[in-house]
Each structure stands twice: as C-alpha cells, then as structure tokens.
Amino acid sequence: GDSVTQMEGPVTLSEEACLTINCTYTATGYPSLFWYVQYPGEGLQLLLKATKADDKGSNKGFEATYRKETTSFHLEKGSVQVSDSAVYFCALSDAGGSYIPTFGRGTSLIVHP
Amino acid sequence: GAGVSQSPSNKVTEKGKDVELRCDPISGHTALYWYRQSLGQGLEFLIYFQGNSAPDKSGLPSDRFSAERTGGSVSTLTIQRTQQEDSAVYLCASSLVGRGDYEQYFGPGTRLTVT
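Same order as they appear, the protein sequences are chains R and X. The first sequence runs 1 to 113 under the numbering used here. The second sequence runs 1 to 115 under the numbering used here.
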C-alpha cells in the first residue's frame, strides 16, 4: 500500500536558518503530494501541494518539488522565523480513486530567536 | 467564511464512560473524515463519509467506536466504554468532494483524556 516517510524530529533551528524536512513516499500510481502544517493548538492546514512530477508547490516562503525519480517531496525554506514553529505533515493521495490520503508521522520544527 | 468546528475542545472522562464528539463541516462539503492523533504519532484514519453513500468504517479500531452523519452535514463520533488507550486528539476534516487529491480542511480537534 501507499506510505509516507518523514524525517524524525524535532528539528531545532535558529531564526533565519535554512530548513529542509525530508519526505519520501511509496505509491503504486501517480499521487498528488501535500504538505500540511499544524500550529500549536490548531488543526492541520494545507501549506502547499503538487499534483504531477516536477511541479513545485510554494506558499509563505516554503517550497517543495515533486521528484518522481527519487519519490521525494522535501520541504524547504531559505530563512525560517519563530512563527514557523509547528508540526509539518507530508501526505499523498492517489488521484486515481482513493479518497483517503496517507499522512506521514509529522516533523516538529522549533525555531529559536 | 466559517471553517470546520469541533466540540468540545477538551473532554476528560472516566474509564468505562461513553463520549460523543461533534464535528460541523464547512457548508457544501460532501466529504467528511475523522482521524485520531496520538502523542508522537501521525494521523490515524478512522472513518469517511461521502454524501449519502455508506461510510467507509475500515479505520475504526474496535466496535466501541461508531460515527454518524446526519443530513449530510454534522457528524458525531461516539466512543463507548472508553479505555485509557483512547486518549488522543480526535480531528475532523471536510473536503469539497470525496477525492483524496482535494484539500482537506481540518477542525481544531477534540482532546480526549480518559482517566
């Protein structure tokens, strides 16, 4: 079945540092890929998505590129802020029919001033 | 506009009691999902509703768990005879259509503590 693997957290960075959170996936078809973010005390919200190979999703300074050859969708940001502290979830869905997305276990990001 | 709302935000209950958790999805969204999020774990799928179709209950962990969705809108997740391992955050999400590649909109969750 489909699966998503994310790097273990927490990731601890100083403000303005570069961020990369690794995400790799296993899927039988051509899934859509997502990054969701969960701020403390809130539900998840969509951060960005990509629906086909080589697409780049971007939002709020975050980017991720759909790499079919490496089955990866790493999340990157050039300069993090304290307000980026949250838990980040990588997810995939089989656009061909499955209505239940598969989520990774989440990676906690802590940004210090 | 209004997002997905859940109530209560926190629930503390004694082992063996029944609890009901409520979800109000975004108006017009035909798909509704329930997930469980335990400490340090990812999202565990519980149940999925799509329009008037029979729900997909394949993620429910035991027969103590049940859910219904009335009128294609509000949903209630019921846990009977609660156990300590049921302690978790229960998240509800809705989506415009029942396809996994559509964005899901999540509520803030209900934190359930079973003592």
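By construction, these hints were calculated from the structure, which means they are not laboratory data. Fair warning: this is a prediction, and the values are worked out from it, not measured in the lab. C-beta atoms are modelled at their ideal positions from N, C-alpha and C, and glycine is treated no differently. It is possible that part of the hints are untrue.
What the hints assert, rightly or not - EDC-like cross-link-like pairs, simulated, lysine to aspartate or glutamate; straight-line CA separation at most 20 Å: (1) K15/X <-> D63/X; (2) K68/R <-> D55/R; (3) K56/R <-> E42/R; (4) K56/R <-> E76/R; (5) K60/R <-> E103/X; (6) K52/R <-> E42/R; (7) K11/X <-> E42/R; (8) K68/R <-> D84/R; (9) K52/R <-> D63/X; (10) K56/R <-> E103/X; (11) K17/X <-> D56/X; (12) K60/R <-> D84/R; (13) K57/X <-> E14/X; (14) K17/X <-> E103/X; (15) K68/R <-> E85/X; (16) K77/R <-> E16/R; (17) K57/X <-> E76/R; (18) K52/R <-> E85/X; (19) K52/R <-> E76/R; (20) K56/R <-> D101/X; (21) K52/R <-> D2/R; (22) K60/R <-> E76/R; (23) K77/R <-> E8/R; (24) K60/R <-> D2/R.
Stated by the list, open to error - These stretches of chain R come out as covered by chain X in the derived footprint (C-beta under 8 Å, 3 or more residues): (25) 43-50; (26) 103-112.
Taking the hints in turn, this is what the structure says about them:
1. Distance check on the hinted pair: K15/X and D63/X sit about 16 Å apart at the alpha-carbon level, within 20 Å; holds.
2. Taking the CA atoms of K68/R and D55/R, the gap is near 10 Å; set against the 20 Å cutoff, the hint holds.
3. A threshold of 20 Å between alpha carbons decides the hint, and for K56/R with E42/R the separation of about 26 Å lies outside it, so the pair is violated.
4. Proximity of K56/R to E76/R is assessed by CA-CA distance (about 11 Å); at most 20 Å being required, the pair is judged to hold.
5. Restraint check for K60/R and E103/X: the C-alpha separation of about 17 Å stays at or below 20 Å, so the hint holds.
6. Between K52/R and E42/R the alpha-carbon distance is near 29 Å, which puts this suggested pair outside the 20 Å criterion.
7. A distance of roughly 16 Å separates the Cα atoms of K11/X and E42/R; the hinted pair therefore holds under the 20 Å criterion.
8. As the CA atoms of K68/R and D84/R are separated by approximately 27 Å, the hinted pair breaks the 20 Å bound.
9. Between K52/R and D63/X the alpha-carbon distance is near 39 Å, which puts this suggested pair outside the 20 Å criterion.
10. Pair hint K56/R plus E103/X holds up; C-alpha atoms about 17 Å apart against a cutoff of 20 Å.
11. Of the pairs offered as hints, the one joining K17/X and D56/X is violated, with about 25 Å between alpha carbons and a cut-off of 20 Å exceeded.
12. In summary, the hint linking K60/R to D84/R is supported, as the alpha carbons are separated by about 10 Å, within the 20 Å threshold.
13. Of the pairs offered as hints, the one joining K57/X and E14/X is violated, with about 26 Å between alpha carbons and a cut-off of 20 Å exceeded.
14. A threshold of 20 Å between alpha carbons decides the hint, and for K17/X with E103/X the separation of about 35 Å lies outside it, so the pair is violated.
15. The hinted pair formed by K68/R and E85/X fails the criterion: a straight-line CA distance of about 38 Å is larger than 20 Å.
16. Restraint check for K77/R and E16/R: satisfied, since their Cα atoms lie roughly 9 Å apart, inside the 20 Å limit.
17. Pair hint K57/X plus E76/R does not hold up; C-alpha atoms about 36 Å apart against a cutoff of 20 Å.
18. For a cut-off of 20 Å, the pair hint linking K52/R to E85/X is broken: about 39 Å separates their Cα positions.
19. For the hint linking K52/R to E76/R, the alpha-carbon distance of about 18 Å falls within 20 Å, and the restraint holds.
20. With a CA separation close to 16 Å, the supplied pair K56/R and D101/X stays within the 20 Å bound.
21. Straight-line distance between C-alpha atoms of K52/R and D2/R comes to about 17 Å, which keeps the hinted pair within the 20 Å bound.
22. A hinted pair counts as satisfied when its Cα atoms are at most 20 Å apart, and K60/R with E76/R qualifies at roughly 11 Å.
23. Restraint check for K77/R and E8/R: the C-alpha separation of about 18 Å stays at or below 20 Å, so the hint holds.
24. Straight-line distance between C-alpha atoms of K60/R and D2/R comes to about 28 Å, which puts the hinted pair past the 20 Å bound.
25. Residues of the segment 43-50 of chain R with a Cβ under 8 Å from some Cβ of chain X number 5, which satisfies the need for three, so the listed coverage holds.
26. For the segment 103-112 of chain R, the stated coverage by chain X is satisfied: 4 residues place a CB nearer than 8 Å to a CB of that chain, which reaches the threshold of 3.
When held up to the earlier numbered hints, the structure conflicts with 3, 6, 8, 9, 11, 13, 14, 15, 17, 18, 24 and fits the remainder.
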